[in-house]
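Undergrad: Spelled out, the chains give:
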Amino acid sequence: MTIEVKNIVKKFGAFTALDNVDLKVGKGELLALLGPSGSGKTTLLRIIAGLDWPDAGEVRIDGEDALGHGASERHVGFVFQHYALFRHMTVFENVAFGLRVQPRAIRKDEATIRARVKELLDLVQLDWLANRYPSQLSGGQRQRIALARALAIEPRILLLDEPFGALDAKVRKELRQWLRSLHSEIHVTSIFVTHDQEEALEVANRVVVMDKGRIEQIGTPGDVYDNPATAFVHGFIGESIVLPVEVTGGSVRLGGRPLNIAAGGAASGASKLFVRRHDMQIGPAGTGSLEGAVRHVRSFGPIQRAEIALSGGEGKTVIEIDAPRDRELQAGEIIGLQPRRYRIFAAQD
Amino acid sequence: MSTQSSFVTPATPLRAYASTADLAISPPSHREASDRARVVASPKDLRTEPAPVRFVIIALAVSFLTVFVVLPLVVVFASAFSKGISAYFAALAEPEALSAIRLTLLVAAISVTLNLVFGVVAAWAIAKFEFRGKTFLITLIDLPFSVSPVISGLVFVLLFGAQGYWGTWLQANNIHILFAVPGIALATIFVTFPFVARSLIPLMQEQGTQEEEAAISLGASGLQTFFRVTLPNIKWGLLYGVLLCNARAMGEFGAVSVVSGHIRGETNTMPLLVEILYNEYQFVASFAIASLLAMLALITLVVKTVLEQRLDEGQTPRDDPSDH
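Sequences listed follow chains B and P, in order. Counted from 1, the first sequence has number 170 at position 170 by the numbering used here; the numbering is strictly sequential. Counted from 1, the second sequence has number 489 at position 140 by the numbering used here; the numbering is strictly sequential.
Calculated from the structure, these hints are not laboratory results. Keep in mind that the hints are not guaranteed to be accurate.
Unchecked claim - Taking lysine-lysine and the DSS-like style, the derived pairs with C-alpha atoms no more than 25 Å apart in a straight line are:
1. LYS24(B) - LYS6(B)
2. LYS27(B) - LYS11(B)
3. LYS11(B) - LYS477(P)
4. LYS24(B) - LYS11(B)
5. LYS11(B) - LYS483(P)
6. LYS272(B) - LYS212(B)
Okay, chain B solo, but in the shape it has when bound (with noise of 0.2 Å):
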């Protein structure tokens, strides 16, 4: 099923939370909506689900105008930050719930209801719970009997509102490749909204990144990780090495110094350069645009991670890199930097 979104526009009071949003999902796909806190996203899954109504704007289901339905009609599984369990109610009776609450008409009796919510425990994995209270579940547990609740009513889409938000940092990776599997299992439409970059990189096969209720960017995770759209998804993904340039002409300057790099189109003005810290080669004192001093290095797993002190500029610049470990540095080594890949953006205060 297919989800489009146009120029939806959410505002509580003073404060917009949606400013002219359009999206379309496609069929069968896994999408990510990732953002910091207060950017919107948690807003638009509620709205696409009926949860929550636009000021103004268009969300269509499958090309039918959804928001002429309640939440209850839309046929859409929504799974809640804080799995919003049937406290009262155990495993069985949680998944079974959107089954036993059909119209009379096309409620199923009550043997295939059985059968039914057995297939999706199995499904989940989590069979042998099913007389247990939502109490007495770990977080894990809760969030996957949450998610077989959704399924149970057979939803043309599946939303979840920070899915793994709740758990420790084991569990949200094994659920994580869990729901991917699951995905490419059932293969509904589904979207999540996440803040951890991590997470949306690795589950989604495509990333909608927001901020202060817009879209800065929409890719697949590749897309959003190589070519950042604006410096906020440049900040935002992955982490960056940020310096405030000025460019002019074609020339890029550090506090007044040219560095040896292509402005590559950006326009003259202030600017930031964007690097990446894995993106900054090193080599001996002299060679490259920068110049800098090794204040401290820390060496875990393939790389070394290395503080250092850019010299000239205004006072003391410290950037963060990442380096390979086919060379070692030394703390108090004066080293010679050169941006591999960079990308520039206008300075927008």
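Got chain B; can you put chain P on it based on the hints?
TA: This is chain P only, laid out in the frame that chain B set:
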């Protein structure tokens, strides 16, 4: 959760209290001495009061309770049975007594039912929606608690009495509110309004709206959501509120006294009849009715304790601290 933790460590606040009192009362020179005494005492003694102090405090509390609560209760039953069991039951079988019991049950049934509905609606509105004037509404719900019951009764006299705002219109249309069941029910509803709403608001605020949203997204209608999700979640709190509401409705004296008119065999509730019989020196009859009210109080206490336990249980089995 919070109620439990405050019970776990009663010694700590007590201790803090005692030591600040120490400091306030004793002149500077004595402070050093008391400090030294504390250093000498073993760590265990620091956490709890010395045995004599504990004994005095407990003895004080128990004797206070005995004089002001237990003794009166004993007197009620002793006086009721002073002329024997048959006199007791004969007093209860009097037509006036029966009529008072019937009226009290009727008024309680009406006011508890209506306040159940009003209370749930008000608590729902306050706990689940954001709107302007919410704080004002909460204050308004508490109003009956802060107004003297006699004033509550007088309000209805001013509204519905012969000289009241709507008095002439009511008389013209032959509608009897004052000195009749509707007036007594109205006064009782007013006085007992806060109980249900008050016991539900914190509970519903804590539970939030997510379960309801989940139910709706699963295709449940508004009514299905209410009866299958909301109501089961608040049932113990609701019963608790109803219980207190009922106890007050049956025992209310002041407000009802103003609007009842004391028509014998017609508009006297049990508390009113107790007073009338007492003033007529019919002590056995008076205390017999009083004993019924006292029993109601005792039953209410027991049920209340049970419900409080259920309420605590309903909230404690949450092992995941992030799950709020």
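Undergrad: A separate judgement is required for each hint: does it hold in the structure or not?
TA: Going down the list of hints, with the structure as the test:
1. LYS24(B) - LYS6(B): Distance ~8 Å between LYS24(B) and LYS6(B) Cα, so the pair holds.
2. LYS27(B) - LYS11(B): 29 Å, violated
3. LYS11(B) - LYS477(P): Status holds; Cα separation ~20 Å.
4. LYS24(B) - LYS11(B): Status holds; Cα separation ~22 Å.
5. LYS11(B) - LYS483(P): 21 Å, holds
6. LYS272(B) - LYS212(B): 20 Å, holds
In this structure, only the earlier hint numbered 2 is contradicted, and the remaining ones agree with it.
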